[in-house]
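Let the sequences and hints guide you as you build the complete structure.
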Amino acid sequence: MKATWSSLLTGLLTSWARPREVFHSPESSLLLPSSANATPEFEGRGGDDLGTEIANTLYRIFNNKSSVDLKSLCISPREHCWILYVDVLLLECGGNLFDTICIAVKAALFNTRIPRVRVLEDEEGSKDIELSDDPYDCIRLSVENVPCIVTLCKIGYRHVVDATLQEEACSLASLLVSVTSKGVVTCMRKVGKGSLDPESIFEMMETGKRVGKVLHASLQSVLHKEESLGPKRQKVGFLG
Amino acid sequence: MAGLELLSDQGYRVDGRRSGELRKIQARMGVFAQADGSAYIEQGNTKALAVVYGPHEIRGSRARALPDRALVNCQYSSATFSTGERKRRPHGDRKSCEMGLHLRQTFEAAILTQLHPRSQIDIYVQVLQADGGTYAACVNAATLAVLDAGIPMRDFVCACSAGFVDNTALADLSHVEEAAGGPQLALALLPASGQIALLEMDARLHEDHLEQVLEAAARAARDVHTVLDRVVRQHVREASILLGD
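One line per chain: the protein sequences are A and B, in this order.
The first sequence runs 845 to 1084 under our numbering.
The second sequence runs -7 to 237 under our numbering.
Derived from the structure by calculation, the hints contain no laboratory data.
In this text, a Cβ means the ideal position worked out from N, Cα and C, and glycines have one as well.
You can trust all of the hints, since none of them are fake.
Just the calculated beta-carbon pair ranges, DEER-fashion:
#1 B:Gln226 <-> A:Asn907: 43 to 51 Å
#2 A:Arg1002 <-> B:Ala184: 54 to 62 Å
#3 B:Glu192 <-> A:Asn907: 41 to 49 Å
#4 A:Asn955 <-> B:Leu104: 41 to 49 Å
Here's what the structure looks like:
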């Protein structure tokens, strides 16, 4: 997705595997490589710090039961389940990374199609997994409860949303608020070198909730509009 | 029971192309505003993105600076979702390092490095989707990106891959044809002079057939040059319209 001056690509791969825990809880894993395209500082291992920070934040947001319906990813309890790998490729850095990445992940989850599988039992009791023959027979994930991050940067006495690189350079502290479509705050984090007043934190949270609801509504309408175009929709990519 | 037929009796390949036919190439220059030069290319299903920063001061140790020419630094990385199986390490593994060295060798032959002594030119290539011919797509994208950055070059660098099946040379291999295990040739050519910047071949090929395969690759590279030339001219035309003249 492109959000003027910030571009990134999200890929979602699913593979089935044994769950690591005892319960039949599937898991998802996030990887965030920063490509050197964004700035030359990301060459080699330079972008790893930023990548780890973003990956950990996103993991905390998506790891609870209410964000993504993890039970729907189960194939057979205690034995097989789907693992979701979410890879975000950061191509261009134009400020407001967290918000953009979260929107991209939500859109990618909305777009995911997981094929329907059947578990066949053999005579000896060994199980075999069979994919259904129809390539369009798949389950979709529900992304209604997936939250969106809103970053509020404190500049002087006011705060701004969706800051550009220049605005981020002027701000000493920012607040990351993760908001669901109903306006419920799921996660909050302060980043930056400066300090924040407790009152301004409450103010920023209120603004974050308000902006988050609007963001969710417009994102849903864009996703549904694209979905309704069906197979005729133009895959534009970078060429458009 | 029978394996996938790479070349049918009528002379059609798996995706319906003829033996010397290229896949559809679409490209765009100036994709990113922040970089000095950038380009995106799609060759069939293979998608590559190239970004160029430079010429700028040498980063890191000053000792690496060359007194009479510029240092060309290339990094190749392929996205974790670019192939069917998820790749764990996007860059830093052996194949990526080797590709980076190949790209560096290719572009040191083409860029007029004597014009920028003691400076560094960075070329970063990212493969977004790999369906065969990744080296060729990277070179073509990097050529467009270097041109977009305004760095002087001796000539375009056009690359193409070629293979050999059933006594016929195939141009522009797709992933299916590469995975079949036949001989593969990767060629980077400077079209105007016909000079070869990089030539690499895998697997066994009888030397009698080498000339045929080389000829097919060179012809395909020249066809790529026609497409890239058209893209560059289109880009310049659009830019001059925006400047309003």
